[in-house]
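Engineer: Hey, can you work out the whole structure from these sequences and the hints?
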Amino acid sequence: MKTADKSVLRGKHTLSGFEACAEGALSAGCRFLGYYPIRPAFDIIKRFTVRSLEGDAVFVQMEDEISALAVVLGASWTGKKSMTVTSGPGLSQMMEHIGLGVMLETPCVIVDIQRDGTSLGLPCSPGGGDVMQARWGSHGDYEMIALSPNSPEEMFELTVKAFNLSEKFRTPVMILSDAAVGKEKGEINIPDPEDIEIQDRKYYKGKKDKYLPFKYDEKDLIPPMVDVGQGTRFHVTGLTHDERGYPVMTDTCQEWNVHRLVQKIRLFTDQIIEVEESGTEDADIVVVSYGAASIDALRAVKQARDEGIKAGHLRLVTVWPFPEKRVYELAQNIDAFVVAEINYGQIALEVERCGRGEAENFFVHHSSFDLGKSSDILKSIKKARGKKK
Amino acid sequence: MKSSLKKEKHPMEKLLRMDRIPHIWCPGCGIGNAVSAFAEAVQKLNYDLDELCVVSGIGCTGRAAGYIKTDSFHTTHGRGIAYATGVKLGNPELKVVVISGDGDLSAIGGNHLIHAARRNIDITVICVNNFIYAMTGGQVAPTTPNPAYTTTSPFGNFEAPVNIPRVVEAAGAVYVARWTALHMRRMKESIIEALNKPGFSFVEVIAPCAMYYSRINRLGDGLNMMKFYYDNSVIKHGEPTENLDIGYQEEIIIGKFIDRERPTFSESLKSWKEEHGKGGEGDEE
Ligand SMILES: Cc1ncc(C[n+]2csc(CCOP(=O)(O)OP(=O)(O)O)c2C)c(N)n1
Ligand code: SF4
Chain A
1 MKTADKSVLR GKHTLSGFEA CAEGALSAGC RFLGYYPIRP AFDIIKRFTV RSLEGDAVFV
61 QMEDEISALA VVLGASWTGK KSMTVTSGPG LSQMMEHIGL GVMLETPCVI VDIQRDGTSL
121 GLPCSPGGGD VMQARWGSHG DYEMIALSPN SPEEMFELTV KAFNLSEKFR TPVMILSDAA
181 VGKEKGEINI PDPEDIEIQD RKYYKGKKDK YLPFKYDEKD LIPPMVDVGQ GTRFHVTGLT
241 HDERGYPVMT DTCQEWNVHR LVQKIRLFTD QIIEVEESGT EDADIVVVSY GAASIDALRA
301 VKQARDEGIK AGHLRLVTVW PFPEKRVYEL AQNIDAFVVA EINYGQIALE VERCGRGEAE
361 NFFVHHSSFD LGKSSDILKS IKKARGKKK
Chain B
1001 MKSSLKKEKH PMEKLLRMDR IPHIWCPGCG IGNAVSAFAE AVQKLNYDLD ELCVVSGIGC
1061 TGRAAGYIKT DSFHTTHGRG IAYATGVKLG NPELKVVVIS GDGDLSAIGG NHLIHAARRN
1121 IDITVICVNN FIYAMTGGQV APTTPNPAYT TTSPFGNFEA PVNIPRVVEA AGAVYVARWT
1181 ALHMRRMKES IIEALNKPGF SFVEVIAPCA MYYSRINRLG DGLNMMKFYY DNSVIKHGEP
1241 TENLDIGYQE EIIIGKFIDR ERPTFSESLK SWKEEHGKGG EGDEE
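Sequence order for the protein chains is A and B.
Letter 332 of the first sequence, counting from 1, is numbered 332 in my numbering, and no numbers are missing.
Add 1000 to a position in the second sequence, counting from 1, and you land on the number used in my numbering.
Please note that a few of the clues may not be correct.
[Unchecked claim] Residues of chain B placed beyond 10 Å of chain A at every Cβ, according to the derived structure:
#	residue
1	R1079
2	Y1230
3	S1271
[As the list claims (entries may be wrong)] Restraint ranges, calculated between C-beta atoms of paired labels, are given here:
#	chain 1	residue 1	chain 2	residue 2	range
4	B	S1271	A	D220	39 to 49 Å
5	B	P1263	A	K302	54 to 64 Å
6	A	V50	B	E1242	38 to 48 Å
Worth flagging that the hints you see were computed from the coordinates, not collected in a lab.
Cβ atoms here follow ideal geometry from the backbone N, Cα and C, with glycine treated the same way.
Structural biologist: Below you can see the structure in the form of structure tokens.
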């Protein structure tokens, strides 16, 4: 990778999750940040704007989150890897442009630092209530890729990964994090740029006047992209369109158009989904969690093991697409799932759905005030143990 | 047998997506005139068309981007300017133009209009003002004169209409002009000036909606309305924008009102970086 930019860090640094996110973005090649300030995401913005002084990155503070994502989509089409960062109330505003991003197949990264809701909620308190909104917030049918880091180090890695996935699948990708992971400090060993795997979008290489913006490759279903200004004179629209990018208002075209948008992710979920497991080989009870709650969940699992309970842990690194297959496999071999999340049970429903009745399901509302403790999760593990098949 | 008829080429063929003709606009609609004036302006400027990008929001006028043969985006309702800002900041070498309707730009997109003008983003905005929301069936718009009829103001509009040139001037636009759809030559010259102007330039085009506005107000067909606007407009260059309110079937002041200089967003960002940045090239590998 080219490193003509001092804004790409190398070596060991002690960074907060927020700072690591900004650094991860710069390492991934992100050179455009469009944003509207909000707590607690603001610390990422601060880091990015200051660091962009040292390099060629551009940032703009827009008038709201609607335009913050619009500006990111526009910039992405000029070839700049682009990102926006926000928290719940801002994410709510971005929904229409998530749809546009999906429809125009525009790579970009949306970082959502979840805070306690609903509405304004508790601005500085970590939350986990945007999980379903991240998946289904924009109208119509589409797939969302969302990653959930649980440490500053992973905030760096997953931000890079989010860019890679968004470039590869030509779609907006979300980082679903929270204030707890954002504020945490940790030592991060940043590899040399040449050792960081970077995926760039697939570019069209044919004759300029033959370019069709949505003519896709049968192998991966991804149409090669061009930048604005390369002379292909493309047109694209958020309306249902054909391969030329022209609006075609028929059922057949809608089917052709949206079916592929969904399938280009669904058929490749095995490449996308990442989970982390410990103790699941012989477990009777599996705790499912993600993000900040997963640290406490893992501790609870260890405590349970110490007490002779065969507990295991499944951490969703990729929240969306959901690891359906793995959850079903586990369900067939265990007695119960315990789902711990910082909300009132969003992923718990997914676990229940994917388990198809093969295992009992217990939900723990691990509130933002429970972070750092594991007693509530351990209590649920014990409760679940009493429900042996 | 080969036809002896010579196939006439459209004079704007290089700039229009001929494979999309016929377009969706009604006969007598004023949007086509604005698009033609834009195409002629671009032709006269002899631009490298590969470096031109057109962005639209949603609405009848919002379809303009789809008929112009440059890189073009049909985006979301009201957000064309925000999207165009991203294109411009992503690649400052590009000429970026937004063509959209009055509802799109001044209602749902009003916030972006104001702030792009304030930041002096280097784009040109062409706003086709037909005093109505056309594509959704003729509802009242922020520009509907008092007391015009619309499908949602069946007893006449009682709201005060917005004077868009005044708003964009106050926000900081460097170029503001208004023409009617029949002022083809002047409109074209104005678009040329706007395109040549670094910073946020704005051209309003007063146009009929033959389908909704003219019908419900019994003002004849589109052509009658176009002619009415033409005949009842007075050119007053430099007129203070506070005088540019538009009444119902009253005189319309047209002309070039604002032509001034201010640093663009990109210029300000660049000098800020030069002043504060540790800057410079890193190690090349
Ligand atoms: C978010 C959203 N809200 C509403 C609409 C419906 N809508 C489509 S066009 C339009 C009004 C367009 O009016 P104007 O900008 O004046 O354009 P015209 O059709 O008159 O050229 C509206 C409200 C939409 N597409 N998206
Ligand atoms: S509905 Fe009105 S604005 Fe739309 S194309 Fe027809 S005449 Fe033009």
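Engineer: For every hint, state whether the structure bears it out.
Structural biologist: Evaluation of the provided hints:
Annotated as non-interface, R1079 of chain B brings its C-beta within 10 Å of a C-beta of chain A; the closest such distance is 5 Å. The non-interface label for Y1230 of chain B is consistent with chain A: the shortest C-beta to C-beta separation is roughly 32 Å, beyond 10 Å. For S1271 of chain B, the condition that its CB be more than 10 Å from all CB atoms of chain A holds, with the nearest at approximately 13 Å. Checked against the hint of 39 to 49 Å, the pair S1271 of chain B and D220 of chain A passes, with Cβ atoms roughly 44 Å apart.
For P1263 of chain B and K302 of chain A, the hinted distance range of 54 to 64 Å is satisfied, since their beta carbons lie about 60 Å from each other. Range check, V50 of chain A to E1242 of chain B: Cβ separation about 42 Å, and the 38 to 48 Å hint holds.
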